[in-house]
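**Q** Chain by chain, the residues:
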Amino acid sequence: MLLEVENLHVYYGAIHALQGLTFHLEEGEIVTLIGANGAGKSTTLNTISGLLRPREGSIRFKGQELTRMRAHDIVRLGVVQVPEGRKIFATLTVSENLDMGAYTRTDPAEIARSRERVFASFPRLEERLNQLGGTLSGGEQQMLAMGRGLMSRPTLLLLDEPSMGLAPILVEEIFSIIQEINSQGTSILLVEQNANMALSIAHRGYVLETGRIVLEGTAQELRDNPQVKKAYLGEA
Amino acid sequence: MNRTLKSLALFLGGIALGVAAAGLFMLFHSSLTPQELEAWDKDGVVPGLVMQAGSIGFGVWFLYLVGWITRSQIRKQAGAGFGKIARSVAGNALMILLGLWFLWRMFIQHPEGVLINPTLFAQYIVDGIRLGFVYALISLGYTMVYGIVRLINFAHGDVFMVGSFTSFYAIKAMRLHLLPAKLFPSLSQWVAITIGTVLVIILSMLVCALLAITIERVAYKPLRNAPRIAALITAISVSFFLEYFSSLPEVFTSNYIIYEQPFKVVSWKILGVQISNVTIIIILVSILFLLLLRWIVYGTKTGKAMRATSWDKPTARLMGIDVDNVITKTFAIGAALAGAGGVLYAIAYPQLIVFMGIMPGLKAFVAAVLGGIGNLTGAFVGSLIMGQAEMLSAGYILTPMRDAIAFTILIIVLLIRPTGIFGEPEGEKA
Ligand SMILES: Nc1ncnc2c1ncn2[C@@H]1O[C@H](COP(=O)(O)OP(=O)(O)OP(=O)(O)O)[C@@H](O)[C@H]1O
Ligand SMILES: [Mg+2]
Chain A
308 MLLEVENLHV YYGAIHALQG LTFHLEEGEI VTLIGANGAG KSTTLNTISG
358 LLRPREGSIR FKGQELTRMR AHDIVRLGVV QVPEGRKIFA TLTVSENLDM
408 GAYTRTDPAE IARSRERVFA SFPRLEERLN QLGGTLSGGE QQMLAMGRGL
458 MSRPTLLLLD EPSMGLAPIL VEEIFSIIQE INSQGTSILL VEQNANMALS
508 IAHRGYVLET GRIVLEGTAQ ELRDNPQVKK AYLGEA
Chain B
74 MNRTLKSLAL FLGGIALGVA AAGLFMLFHS SLTPQELEAW DKDGVVPGLV
124 MQAGSIGFGV WFLYLVGWIT RSQIRKQAGA GFGKIARSVA GNALMILLGL
174 WFLWRMFIQH PEGVLINPTL FAQYIVDGIR LGFVYALISL GYTMVYGIVR
224 LINFAHGDVF MVGSFTSFYA IKAMRLHLLP AKLFPSLSQW VAITIGTVLV
274 IILSMLVCAL LAITIERVAY KPLRNAPRIA ALITAISVSF FLEYFSSLPE
324 VFTSNYIIYE QPFKVVSWKI LGVQISNVTI IIILVSILFL LLLRWIVYGT
374 KTGKAMRATS WDKPTARLMG IDVDNVITKT FAIGAALAGA GGVLYAIAYP
424 QLIVFMGIMP GLKAFVAAVL GGIGNLTGAF VGSLIMGQAE MLSAGYILTP
474 MRDAIAFTIL IIVLLIRPTG IFGEPEGEKA
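One line per chain: the protein sequences are A and B, in this order.
Our numbering puts the first residue of the first sequence at 308, with every later residue one more than the last.
Our numbering puts the first residue of the second sequence at 74, with every later residue one more than the last.
Looking at chain A on its own, in the form it has when it is part of the complex (with noise of 0.2 Å):
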């Protein structure tokens, strides 16, 4: 198993925001946490990637438990996320964003060809390399946001809400990239909203109810399973 979690409680202050989650993700998979807006996703990702501390339960990726780990730390193992929301360094230019992205690498030739890789992705990342980051538009600031966190070659990549505001077309094209990212041997750990495409990509899924896994199965049986339907995925 390349990561486990097992019975994590996080809080924030009084508020008990994950209540035992436990789930796990083999190497090479998609898995996608779904689940309502104040579900626990992004804390789930951010417990995963240091930056809030678990009260209670274990994280294990290849084996080595990460809940006591700093957060540049875990990102040397090779645990990366892509945070919601973009979060692209505004006042550095492009360029500087996906130098960030290979902040724990040292190889020059390397990282030119990590870049290569990322501008094959998004040819418009390389049009623009010299522009601010904080002005581009919400969708090339996604793709940097995407570049930026596979600059640094990473072998489970967190990704939350990918394809929040973008237009219908650039959430397809995402999609298939992530896909692409997948096939070439990184595992992906996908949170989304959007469960109809998350699930049309994912191995697995778990569906996640205020801090709870309430569901969890393969893609096809979330996408088969009535409640997901319901309450998910827009149908009767």
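Everything labelled a hint here was simulated from the structure, so no lab data went into it.
Incorrect hints may have been included.
[Stated by the list, open to error] Lysine to aspartate or glutamate pairs mimicking EDC-like chemistry, simulated, CA-CA at most 16 Å apart:
hint	chain 1	residue 1	chain 2	residue 2
1	A	K536	A	E523
2	B	K374	A	E313
3	B	K386	A	E391
4	A	K369	A	E333
5	A	K369	A	E313
6	B	K294	B	D395
Given the coordinates of chain A, assemble chain B with the ligands onto it according to the supplied hints.
**A** What follows is chain B with the ligands alone, placed relative to chain A:
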């Protein structure tokens, strides 16, 4: 810009207004002949009255400050824009009036005015440039630290003082400036002294950097997630601590001491204007450090990480940046610049006391706000303006005005453009 900063600056402004009022009184007082003075103020009570006026001015401003904060709270809730417009009008009017009065005084009224004695004017400008470059070295530290942790590091001026004292001991006790000449007697004297002076500056920079790292670790880091005002109060306490701890006889001293310059000060008269080698060295060294800093911030990976951290700490951590490490480096670099500034300042004004960091520190802070706090270019430009403002008001108004002018500028900036010259307009991400 956050409200803590504004209210604090207004508080300082209140004190300043008191001082300014007192200064203007003194000006009037000193313009009288002894006979007139005798007739007007037989028992010499006016200076006492002036002090009282000063404190009243301060009191009025304090009330105004409280009112201002309350009003801004109310305005926030009501969303009304009137107060803002009124402040802007008041600020602009104040600035124009002061400006006109100052020009009148500078050109027409002053017995040694610009038209009568242009050489003196040129001299003030040159001295102002020298002062401005020293302020630049200090204000960059303020602005960098503010940019990255949103803290006004009031201990920064005292780090500058420690830089001066370190160089004092390096020269007086260690004779570090003579070391190259001793080790390599074959070197020409000029080269040996240059290297020696550079060694002194580097030692002071190192000591200041270590001091700042310690301060950051001990005092500020535990408060990283506390309300900002807590860190601000801590910074002021650290400042007091450094001043009074340094004044212990076992540490430095509480007395004024005369500084021994590492090289001989020579000055030349160019078109009647005195220019000393100290002035030239200050300008060159400052420019060198400013370019170096620009290169670090814009050209290196560490610099990019600093800017990323300054924009968004959690996301910087998601990139694998060790944010605490970046913050430490920022403090160290800022302090090293202040240390270099401390040495240069001591060489230019060779008299030291443990409180010597307060005024330059505050003025460099004003310079940083004037330029737009968090902005490197702004801090530099603001410092040059502050240098000129100080020398010209000392020259053409009254010597004590050199301190009051800084705070007058602060008030005006906060009234009409709180984000400073280069700052982004409000509403940007803080
Ligand atoms: N910084 C915080 N302080 C207090 N409560 C928080 C904080 N961040 C999140 N919460 C609470 O924790 C719960 C889970 O939030 P989280 O952001 O993980 O939801 P989410 O599933 O990502 O929602 P969305 O789809 O809207 O992004 C919510 O009830 C939220 O209000
Ligand atoms: Mg979320």
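**Q** Now tell me if each hint is right for this structure.
**A** Now the hints, each set against the structure:
Proposed proximity of A/K536 and A/E523 is supported: the alpha carbons are some 14 Å apart, at most 16 Å. With a CA separation close to 37 Å, the supplied pair B/K374 and A/E313 exceeds the 16 Å bound. Proximity of B/K386 to A/E391 is assessed by CA-CA distance (about 15 Å); at most 16 Å being required, the pair is judged to hold. Using a Cα cut-off of 16 Å, the hinted pair A/K369 and A/E333 holds, with the two alpha carbons roughly 10 Å apart.
For a cut-off of 16 Å, the pair hint linking A/K369 to A/E313 stands: about 14 Å separates their Cα positions. As the CA atoms of B/K294 and B/D395 are separated by approximately 14 Å, the hinted pair is consistent with the 16 Å bound.
Comparing the model with each earlier hint shows a violation of hint 2 alone; every other hint is respected.
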